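Construct the entire structure; sequences and hints are all you get.
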Amino acid sequence: DEMKLKTQIIGAVLKARNGKGITQKELETISGVKQPLIARIEKGNVDPQLTTLLRILQPLGMTLAVVPIENRTNC
53 DEMKLKTQII
63 GAVLKARNGK
73 GITQKELETI
83 SGVKQPLIAR
93 IEKGNVDPQL
103 TTLLRILQPL
113 GMTLAVVPIE
123 NRTNC
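If you read the sequence shown in my numbering, its first letter stands for residue 53, the second for the next number, and so on.
To be clear, the hints were calculated from the coordinates, so they are not data collected in a lab.
Just so we're clear, the structure is a prediction, and the values are computed from it rather than from any experiment.
For each residue, glycine too, the CB sits at the ideal point set by N, CA and C.
No farther apart than 27 Å at their CA atoms in a straight line, the calculated lysine-lysine pairs in the DSS-like style are these:
id: 1; residue 1: Lys56; residue 2: Lys86
id: 2; residue 1: Lys77; residue 2: Lys67
id: 3; residue 1: Lys58; residue 2: Lys86
DEER-style ranges, computed between Cβ atoms:
id: 4; residue 1: Asn97; residue 2: Gly71; range: 17 to 27 Å
id: 5; residue 1: Pro120; residue 2: Glu78; range: 31 to 41 Å
id: 6; residue 1: Val119; residue 2: Asp99; range: 12 to 22 Å
id: 7; residue 1: Pro88; residue 2: Val119; range: 30 to 40 Å
id: 8; residue 1: Lys67; residue 2: Pro88; range: 14 to 24 Å
id: 9; residue 1: Val119; residue 2: Lys77; range: 26 to 36 Å
id: 10; residue 1: Thr75; residue 2: Glu122; range: 33 to 43 Å
id: 11; residue 1: Asp99; residue 2: Lys67; range: 11 to 21 Å
id: 12; residue 1: Gly73; residue 2: Glu122; range: 31 to 41 Å
id: 13; residue 1: Glu78; residue 2: Glu122; range: 30 to 40 Å
In structure tokens form, the structure reads like this:
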């Protein structure tokens with residue numbers, strides 16, 4: 053379940069970034085998170101800190117939500 057959730061989060065970040073037509077370098081500029089780290093996160097090669105993930109999500113118009121497991125929907 054943990055790996056599936058991680059994959060869903062990474063997929064949502066990538067989809068949002070691509071949907072807005074933002075490059076990783078542009079996301080670096082607006083989020084303050086270095087492009088190489090963004091690339092490693094998107095490839096699933098690193099588990100980002102929560103604050104890092106939130107800094108990436110905010111300029112994409114997204115955030116994280118904590119919900120009961122039984123209310124979680126498949127993304």
